[in-house]
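K.L.:
Dock chain B against the given chain A, drawing on the hints supplied.
Those sequence lines, one after another, are chains A and B. For the first sequence, my numbering gives the first residue as 6, with consecutive numbering after it. For the second sequence, my numbering gives the first residue as 67, with consecutive numbering after it.
None of these hints come from the bench; they were simulated from the model. Just so you know, even glycine gets a beta-carbon here, dropped at the ideal spot from N, CA and C. Don't take each hint at face value.
[What the hints assert, rightly or not] Just some of the chain A residues that point at chain B, by a computed CB distance under 10 Å:
id: 1; residue: 47
id: 2; residue: 49
id: 3; residue: 62
id: 4; residue: 88
id: 5; residue: 92
id: 6; residue: 94
id: 7; residue: 95
id: 8; residue: 104
id: 9; residue: 109
The primary structure of each chain is shown beneath.
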Amino acid sequence: GENVEQHPSTLSVQEGDSAVIKCTYSDSASNYFPWYKQELGKRPQLIIDIRSNVGEKKDQRIAVTLNKTAKHFSLHITETQPEDSAVYFCAASRPGNNDMRFGAGTRLTVKP
Amino acid sequence: EAGVVQSPRYKIIEKKQPVAFWCNPISGHNTLYWYRQNLGQGPELLIRYENEEAVDDSQLPKDRFSAERLKGVDSTLKIQPAELGDSAVYLCASSLFGTSGNEQFFGPGTRLTVL
Chain A
6 GENVEQHPST LSVQEGDSAV IKCTYSDSAS NYFPWYKQEL GKRPQLIIDI RSNVGEKKDQ
66 RIAVTLNKTA KHFSLHITET QPEDSAVYFC AASRPGNNDM RFGAGTRLTV KP
Chain B
67 EAGVVQSPRY KIIEKKQPVA FWCNPISGHN TLYWYRQNLG QGPELLIRYE NEEAVDDSQL
127 PKDRFSAERL KGVDSTLKIQ PAELGDSAVY LCASSLFGTS GNEQFFGPGT RLTVL
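Extracted from the complex, chain A is given alone in its bound form (with noise of 0.2 Å):
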């Protein structure tokens, strides 16, 4: 089945800084990949996803980047605020199959 691995495990930026999470997924047949940002003690939200016939998106200061033939993707976030302290989770999934894997998630800091 899938595995998909996050790195890095905790991340501390200063305010105004971009901060960078990186995921690998073993299955070369998943083609949906979403991050969901959870703060702490709140439920998992979708933040960004990306599909595999796309190579970047973005959204304000959030971009998600895929790399197929490397099978890894990451998580871009620009101009970074205190607001965007919270643990990233990274995950994949199958065509037509919705079963989902995460990964182990990013504690990312951010000191104002």
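P.N.:
Frame of chain A; chain B shown alone:
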């Protein structure tokens, strides 16, 4: 539109006791998931339903865990008997079935503490 509803939000029980969690997915979502999230880790799939059929329960510890989604809408996850290692947050999520992956919407979770 109401989101995924779960109850209870918190549950504290002693080991060997039974416990049940309830989930009501977003209206119209045919796929329902139960995840377990241990502290500091990502959600781990326990079971996935498409309508009333459990299509993936390979990660469900069947000796003590059971789940049902009798009418293809809300679902119940049960643990009997609970063990200390079952302490975790149990998340329910729902999505619309599709061919290229679909956003999963999560409920607030039930935080289980087994003493």
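K.L.:
Compare the structure with each hint and give your call.
P.N.:
Comparing the hints with the structure gives:
Given the 10 Å rule on beta carbons, the hint for residue 47(A) holds: about 7 Å separates it from the nearest Cβ of chain B. With its C-beta approaching chain B no nearer than about 5 Å, residue 49(A) sits inside the 10 Å limit, and its interface hint holds. Given hint, residue 62(A) at the interface with chain B, is violated; its Cβ is 14 Å from that chain's nearest Cβ, farther than 10 Å. Proximity of residue 88(A) to chain B is violated relative to the hint, the smallest CB-CB distance being about 20 Å (cut-off 10 Å).
Taken as an interface hint, residue 92(A) checks out: its beta carbon lies about 8 Å from the nearest beta carbon of chain B, inside 10 Å. Of the supplied interface hints, the one on residue 94(A) holds, with its beta-carbon coming within about 5 Å of a beta-carbon of chain B, less than 10 Å. Satisfaction of the interface hint for residue 95(A) is found here, the shortest Cβ-Cβ separation to chain B being roughly 9 Å, below the 10 Å cut-off. Satisfaction of the interface hint for residue 104(A) is found here, the shortest Cβ-Cβ separation to chain B being roughly 6 Å, below the 10 Å cut-off.
Interface hint at residue 109(A): satisfied, since its Cβ lies 5 Å from the closest Cβ of chain B, which is below the 10 Å cut-off.
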